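Engineer: Here are the chains, one letter per residue:
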Amino acid sequence: MARALVVVLGLVLGILTGTGLVLGNPLAWFRGLPPLPADLAPAKAYRWDNYRGIEGGVADLLGLGRRNPGIALLDPALPHVRIGIVVLPAGEGAPAALAVKVSAIAEDNSLWRAQLGTHDYWSIVWPGEGSVFANAYSNYWAVARDAFFAGIVGGDRDLMAPSYAVTAPPPLGEPAGVTGASGRYAGFTGEIRELLYLAPLNSERDQPDWAIAIKANPPPVETR
Amino acid sequence: MKRLFTIAFVVGLLAVVLAATLWPLPQHLRYRSITSVPADGGRQEEFVIHWPEDRIARPGENASSLPAAAAVGAAVLEDSAGRRVSAELFRLRDTEDNVIGVAGRLAGTGGAIADPGRSATNWLLVIPGRGALFLAQSDVQDTTVREGIAAEGSLALPPAQAAAFWTDRPRIRITAPAPAGDGAATTGKVLRGTSEFAGLRGSFIETWDLEEVNADGSTRGRILLSTITVGDN
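As given, the protein sequences belong to chains X and Z, one line each in that order.
Numbers 888 to 1111, taken from the working numbering, label the letters of the first sequence in order.
Numbers 40 to 272, taken from the working numbering, label the letters of the second sequence in order.
Not one of these hints is a red herring.
Just a few of them, taken from the derived set where beta-carbon distance is under 7 Å, the chain Z residues facing chain X:
hint : residue
1    : F44
2    : G51
3    : V55
4    : A59
5    : I95
6    : A114
7    : R122
8    : V138
9    : G150
10   : I152
11   : N161
12   : V165
13   : A175
14   : L230
Hints in this document: simulated from the structure, not taken from any laboratory.
Since the model is a prediction, treat every value here as computed from it, not as a measurement.
Beta carbons are placed, not taken as given, at the ideal position from N, Cα and C, and that holds for glycine.
Using the sequences and the hints given, assemble the complete structure.
Structural biologist: In structure tokens form, the structure reads like this:
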């Protein structure tokens, strides 16, 4: 009995230590994707509760998430996708906007490179003003890491930050950013950042809140 | 005992290392891309959407409880000046009828977006195993979804879903054939792509085909997005 307890204890401690090492592995410092600064432009808070597809938590990113039949997309090509309509509030001189956001789990995720994220795609239209497309890579590695360490010490949420800047450089270095499509924003190019706000403890909401910041500039003026 | 603990500890550690290395992270199912090369060059690919069955209902929406002309998976935003924006969610198919991705159609009217009586549309096509395409166009007419009020609440009323839209034509090209008006209009453009579509630009044409008018006044049909792209040098 004592031998079995020792084996179980050794295994559990080995697994916890190993998981801690993977989540805090030194390679992540050199090959990880640090979040980009989120202060490019004022962030607009939004909710993305009304979606279809994956919930988007760490379990989904690892392929362990349960599929909710009322929400999941059941087509064989869509089990790792989330899509929804988002309303971005008015403010900072801009009217409210209607948007479609799609997230697809990144196939280039790697646990050893601290990459656990989604490729996100936006189409946004401001009534009467114009429209833009945007794409970015969101890395939830820091959220997963902090949740793990908070879980080890009994679910202490103080170990987790209230918000995470999730936008990071795409793993394969492919282009990301904002492309103006129509109206006043046609031809604009720029950058996008997203923030994730965890639902407060004991809150009635189980979904996180989000914020998006977009900074776009007009095309350069051509001189004759 | 100490040796047993150490062995168990190392086994646990190695199990995590192995799991982190070999864990099968999610991959997307990818269908063979069905492309062709037009005579004058480029890369042609067509995407298909069937309405109403390819509309992606939002949670809690039930198409069977809606009036015939109303749709699920759509939203409308209108400002005090009557400038309207609508969003619709769809499954996206290839020409062999496989669901290969999802699509968002955002159309807007008024102001700097479109000439009077017309709308401009943005298509966001996301094919998870391949990347995304961003398409923008001016429409030949106003194709935004209207908002109606019923006892159940507000309804989204897409024009193509009502039989009255199709008075004497089974097919309509939605993409404006040429720029018009004050210069805000544009023909169908593939603005940019990501992943497999990175570096591609080109043109596209959106066409709606009526397939059936139902007894209740609703319709079934097909949206065809025909793209021609070339590498961005």
